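Those sequence lines, one after another, are chains L and V.
In terms of the UniProt record's numbering, the first sequence opens at residue 1 and continues consecutively.
In terms of the UniProt record's numbering, the second sequence opens at residue 1 and continues consecutively.
Wrong hints could be hidden among the right ones.
Facing chain V, according to a computed beta carbon distance under 8 angstroms, are these residues of chain L, among others [claimed, not checked]:
hint, residue
1, M269
2, K270
3, T271
Read the hints as simulated data drawn from the structure, not as lab findings.
Keep in mind the model is a prediction, meaning the values are calculated, not measured.
Yeah, the Cβ is synthetic: ideal placement off N, Cα and C, and Gly gets one too.
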Amino acid sequence: MNTNPIFSSYQKDSKLFDEIFDENQNVRPIYQKILDLYSDHSIQDFAALNEKAKASFFNQGITFQVYNDDKAQEKIFPFDLFPRIIEAEEWEILETGVLQRCKALNEFLWDIYHNRNIIRDGIVPIELINSSGNYLKQMMNFTPPNKIYNHISGTDLIKHSDGNYYVLEDNIRCPSGVSYVVGNRNALKRALFGVFNHYEIQNVTDYSENLLEMLESVKPHSVDSPTCVILTPGVYNSAYYEHSFLAKTSGIELVEGRDLFVENDFVYMKTIYGPKRVDVIYRRIDDDFIDPDVFNKDSVLGVKGLFSAYISGNVTLANAPGTGVADDKAIYTYMPEIIKYYLKEEPVLKNVHTYHCSKPDDLKFILENIDKLVIKPVDEAGGYGISIGNRLTKEEIEKVKTVIKQSPRKYIAQPIMSLSVHATYIEDNNSFEQRHVDLRTFTLLGQDKEFVLKGGLTRVALKKGNLIVNSSQGGGSKDTWVLKK
Amino acid sequence: MLARVANDLFWMGRYIERAEHTARFLNVNYFSSLDAPNMLSQSRPFVLNSVYGMVDDRVEDESTLIEEEVIYNVGLNPEKLYSILSCIKAARQNANNARDLISTEFYEALNKFYHFVMNYPKDKLVKNGLYDFTTTVTENTAILRAKIRGTIFHNEIYALILLGINIERATQITRIIQTKLHDAEKAISSYSKPIKNSYEWTTLLKCAESYDMMRGLNRRTPSQLSTLEFLILNPNCPRSVMNSLNQTYAHICQIGGNNINNLNSSAFLIGKMRAEYQFKTISEIQQDVRKFIDDTLCCLMDISSKLEEEYFDY
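The whole structure should be built from the sequences, with the hints applied where relevant.
Written out as structure tokens, the structure is:
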């Protein structure tokens, strides 16, 4: 039974899956040690440590800008002092599962930009491809170096009340968050270093070296020793810290569009000693902005002629343009079939059952059951545009119905999943409370190279009862420990 | 290295150095005036206008100056590009652009300093915080220089920051000399009998943080000649123009040493100015100090423009 003083006021909702306490209110064995260690501290200690951790993030400049009344304000991503722990065996399943998905998505992308066998075989309907806002006709019949499209992926998972992990989303455009995995680990080590002596935890600092290895592995064929760069939209982008972190830790140049130019289908960067050829670009700007000659003509973030250099095989872009067609939430529904089709394997990770507003039968069900469903736009990221049925008023439900009926292809619906909860220090109440969490994993695919970071970002919805964990919607994050075998 | 980022590193060095000199000038000038030996040097409007002189904002009628306003403008006014706050804000912006190249330790020190300046209360500064604010600024710039020297690899990145620091130091020392010469010329008429007005030269040396060094070298009371010789020509005084030019030359050689014989290069321009200074005598300078100072500032501006044209034009 829980007799820990700092958890004496911890209110447990028995309907939710608590990562720390089981259904009988007993501490799960994996958390017993840390709970004992934490009980040496008073809640006031945690308040002080919380302040220190915040100051540490702030002083290190691990911040993002928010604009209120045209005034820029610097904010930190809230960090929680209680780590999430994942056992080695459990992690092995997750790692195998996310790699399987990423590899299947890569095969899928090659197929839909070439022969479209999966469509001909009736597995995925062609309408989903042609109507996707992220499908790029310019990528048809082009094979990226080493046939890799989704070099960098972020897979979002949740643990449902049945205790199983479910994949919520595949992010294969510009997934972010990996720098916070390292930031969180450093912050927890600074604050509560003693607890690390009692657990054998996998290290998370090897992401950048693997990133560099992966980028070098997908160099254009004609290059021996490639020059890799990270292309950022610039210092005002909310993920700029991450871009600079990745550049610094992998030892490659951080460039903006204005630092690059294309001549005779080769890409160069403007250095103090004149132009220097660039071979691999890890771009952190969306497809639409990479080249004003081909895509958004008003883009000032990209580079004129970049796409032509890419198609000529003189530069590699990671991720490849056009990957967004596969992380569309409508395609997500077909992931179990996609995995079986290309890899001839059963999916390791579960998918949340998804209803398509574009299918008449599904649409009928959705319109009749909105109060029991989550409605999501298929092509939005950051938790935007989501409606959670049981939180809506009658009027709001009617509004959602109208919106869906206007453009059914744009929406999918899923049963309301109950994200697991984890003890989280809540500053306002000066106590540990249950809050919903998810998990983002980070995967790299290159030539003969597969890597999943043994950690990940546990995102936590700081508002009580809230299911949306995205940082842009007030979410925080936790250090995530994957235990060694 | 990217030309754009090189420009940021160069200007980051300049802004950090500029903030330090402005803070020290404000501090020394203000506090030394409190018990100045003559009425003019003690008069608050005269001192405040001298502070404005340092940031090139001197007013015609100094009797209109309000102490709180001058201190705020030079210290914390975000609208004034010369304010210490604007310098640190710009330095931090430059550092953000080059964040992947500078050390984490240096960035953290600069970032903490930035937040200190941005959050310093205006009321406190103008009422009773002048000493606290200006000394904390100078201490922090010393920390930053130590972090630059100790935590950034001594390659082009370091050379570019040091180029910025040294060109700015030469410029600021020259500007301080220009301002204090102006003050001294005015003050000399306010002495009841002709004296050596050593107070002005002592203040000038303190504004350049060189008083103790000068006393160590020369036991006699500072005079105009000895002070100018020390601050302009002494290569061993780390604040002198000569020393800054030597450093600038060493760092440009690190970046563009191969270009030294190209008459149109920054390396040549810096080398030429340095050589001219190396063999200059104080008696030559004394013939027309004002012109010498104007020429020095012009040369330093030309060097900065040449660097921009040669390395930062992106």
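Against the structure, test the hints numbered earlier, and report the numbers of the ones violated in rising order.
Of the numbered hints, all hold.
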